[in-house]
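Heads up: the sequence lines are chains A and B, in that order.
With the numbering used here, letter number 40 in the first sequence gets 40, and the count goes up by one each step, no holes.
With the numbering used here, letter number 103 in the second sequence gets 103, and the count goes up by one each step, no holes.
In short, the hints are calculated from the structure, not lab data.
Treat each hint with caution, since some may be false.
Unchecked claim - Straight-line distance between alpha carbons at most 27 Å, and here's what the computed DSSO-like set of lysine-lysine pairs gives: (1) Lys279(B) - Lys172(A); (2) Lys27(A) - Lys45(A); (3) Lys288(B) - Lys147(A); (4) Lys290(B) - Lys172(A); (5) Lys172(B) - Lys264(B); (6) Lys288(A) - Lys290(B); (7) Lys172(B) - Lys41(B); (8) Lys264(B) - Lys288(B); (9) Lys172(B) - Lys290(A); (10) Lys234(B) - Lys290(B); (11) Lys147(A) - Lys124(B); (12) Lys27(B) - Lys124(B); (13) Lys290(A) - Lys147(B); (14) Lys172(B) - Lys288(A); (15) Lys234(B) - Lys288(B); (16) Lys27(A) - Lys295(A); (17) Lys279(A) - Lys172(B); (18) Lys290(B) - Lys147(A); (19) Lys124(B) - Lys234(B); (20) Lys147(A) - Lys147(B); (21) Lys124(A) - Lys295(B); (22) Lys288(B) - Lys172(A).
To be verified - To list a few chain B residues with every Cβ distance to chain A over 10 Å, as calculated: (23) Asn18; (24) Ser26; (25) His55; (26) Leu56; (27) Tyr119; (28) Ile142; (29) Leu196; (30) Asn211; (31) Glu212; (32) Glu224; (33) Leu270; (34) Leu292; (35) Phe313.
Please read these numbers as outputs of a predicted model, since none were measured by experiment.
Even for Gly, the Cβ is constructed at its ideal location relative to N, Cα and C.
There are 2 protein chains.
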Amino acid sequence: MVLGIDIGGTFTKIGLVNRQGVCRGSKIIRTEAHQPFDTYKERLKTEIDLLLGSHLERQELVAIGVGAPNANAHTGDMERPPNFSWGDRVPLVTTFQEWYRVPVSLANDANAAALGERYYGSGKDLEHFVVLTLGTGLGSGIIVNGKLLIGAHGMAGELGHVNVVAGGRQCKCGLRGCLETYASVTGIKRTIFELLSVRTENSPLRDLSFNELNGEMIANMALEGDAIALEAFKRTAAILGAKMADTAAHLDPQAFILSGGLSKAGDILLTPVVESMEKNLFNAYRGKVKVLISKASRDQAVLGPAALAWMHFERASP
Amino acid sequence: MVLGIDIGGTFTKIGLVNRQGVCRGSKIIRTEAHQPFDTYKERLKTEIDLLLGSHLERQELVAIGVGAPNANAHTGDMERPPNFSWGDRVPLVTTFQEWYRVPVSLANDANAAALGERYYGSGKDLEHFVVLTLGTGLGSGIIVNGKLLIGAHGMAGELGHVNVVAGGRQCKCGLRGCLETYASVTGIKRTIFELLSVRTENSPLRDLSFNELNGEMIANMALEGDAIALEAFKRTAAILGAKMADTAAHLDPQAFILSGGLSKAGDILLTPVVESMEKNLFNAYRGKVKVLISKASRDQAVLGPAALAWMHFERASP
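Construct the entire structure; sequences and hints are all you get.
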């Protein structure tokens, strides 16, 4: 059994996963990214120990895989993650290795998600695809010739930070107009608040604070026909689809797989995304690039880190 | 010896190249992309026969490599090339095979250029880089883990058609605001004419028609301090550098290599490109991505197609 750990801006998911990708026990805890890392890690250890204790003998744990934002697979650290107050270098691999004395592998959260789709999900039969995780931020993982694209410095696939509008919305990374400031749960919340500022329709959205509002609420309101929520999805999808066309012009993929909180909106997001992507695609790619919604449910986010752990464990085994 | 053929929107270059990448004889002819393909191909055959006749016995020719815009390596055709009036499918591989009865390989012109840099040029010691050919249009070739990125349908690396401005300049491909409508020889000419329309400075540029003007003239005027030419380079570089930052966020490369007509401007282009790229780079990549100007001279454009021919010849040889 391996332990998969998916560290997101809002939630951390932990799960015990067998070689076939079946999750034997899991837990979701809040990340509290703005509390110190030491507080978080002690809380996390308690939860992991409880999970291990109730599901297996310690010696059955053979490896740990961790997915986290801005993770560098080469150093084993999270490096300057813009949505976390955990410092410039967060030593994840050494932390877990000291605790559990098993091999620990780290990947960018969205890269891990791409591996999860490749091994256990919608990417099982695909050799060339891009996973976009639309959560607190926008992460991405790129599969080329069946393998994860790593890049020269271990940091390929930061599509959340391609530019949408020069001088656009301030991003936590320091740049302006980054894709994730528009196309993510936080991005659509910003669009909702922009719309509430310039338009006059009444809407239940006017009763919610920025921090109260979440992606599921916006999706539900759009499903009920709320004009502001519908317009927010339309604008988000138009921007995301256009940028997916640009990504296709780099990689010529078979498919995009959308996952994360915003993807749970289903067709409200998917239909206008496909429309915008097709409109913006270079003619050589038109009609050739599928857009899929990930079938992974929330606790299956651990499957990506688990795939990473199994991959490294099997490579290391004689 | 192999024959390398580089088909550009303005010029076609042919050359005989040995295994070490030494060009033993070459010729440049005008492409006349708006004449019928049959006229062009007969003219091309005459020139190739002359070149072969004066440099080697027919049996010494072992393979042909062809680089051309919108070439599909899988089908052997150019497919709907936007800058050519040669129809929807231009059967290059079958044409050359019928004529010379040797193996013929085809690649997108910029993909071939990337192979040329990888085997014989500035990319010899690099595993991860992107070649941008700034000529009539903007082509690109992507090298990942030392190999050409091909994509799912044989069409990866069409960076000339990523979007710069929604609803921007009309591109020959049918889209609007494509990168090549700004960052290419044609793109900078369009910028010159835009500047001449909105500004009042006198400039020798006011004595030239759009068709007379070429990249070398603009570079020379910029070197002499012409305000319009300098501003055109500044705007071109700002856009190109920003889009290179987006490409880095996909691929995490070690370097970009700029080639083609516009790259001959050297530092007038390079300095503001690097400045704009660094300003727009996601922090994880800052200071890590080199920008090089290709050392390949105009007739060395055949080295890319020649590298392609040698690659396929050696793979096919027992």
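- [ ] Determine whether the non-interface label on Tyr119(B) survives the test: each CB of chain A must be over 10 Å from its CB.
- [x] At roughly 19 Å from the nearest Cβ of chain A, Tyr119(B) sits farther out than 10 Å, so the non-interface label holds.
- [ ] Take the C-alpha atoms of Lys234(B) and Lys290(B), compute the straight-line distance between them, and say whether it is at most 27 Å.
- [x] Cα-Cα ~19 Å, so holds.
- [ ] Measure nothing beyond the straight line between the CA atoms of Lys288(B) and Lys147(A); if it is 27 Å or shorter, mark the hint as holding.
- [x] 24 Å, holds
Task: Hint consistency between Lys147(A) and Lys124(B) [alpha-carbon to alpha-carbon, up to 27 Å] - done: Holds, at roughly 24 Å.
Open item on the list: Hinted pair, alpha-carbon criterion (27 Å max): Lys27(A), Lys295(A). Please report holds or violated.
Closed with: Between Lys27(A) and Lys295(A) the Cα gap is close to 19 Å, so the pair holds against 27 Å.
TODO: Mind checking the alpha carbons of Lys288(A) and Lys290(B) for me, to see if they're no more than 27 Å apart?
DONE: Violated, at roughly 33 Å.
Open item on the list: Checking one constraint from the list: CA of Lys172(B) to CA of Lys288(A), max 27 Å. Satisfied?
Closed with: 21 Å, holds
Open item on the list: Against the 27 Å threshold, does the CA-CA distance of Lys172(B) and Lys41(B) hold or violate the hint?
Closed with: Distance of about 23 Å is within 27 Å: holds.
Open item on the list: Please check whether the beta-carbon of Ser26(B) is more than 10 Å away from every beta-carbon in chain A.
Closed with: 30 Å, holds
Open item on the list: Verify this label for me: Leu292(B) is non-interface relative to chain A, using a Cβ-Cβ cutoff of 10 Å.
Closed with: 14 Å, holds
Open item on the list: Would the hint linking Lys172(B) and Lys290(A) be met if the CA-CA limit is 27 Å?
Closed with: 25 Å, holds
TODO: Taking the shortest Cβ-to-Cβ distance between Asn211(B) and chain A, state whether it exceeds 10 Å.
DONE: 26 Å, holds
Of the hints listed earlier, those the structure fails to meet are numbers 6, 19, 21, 28, in rising order.
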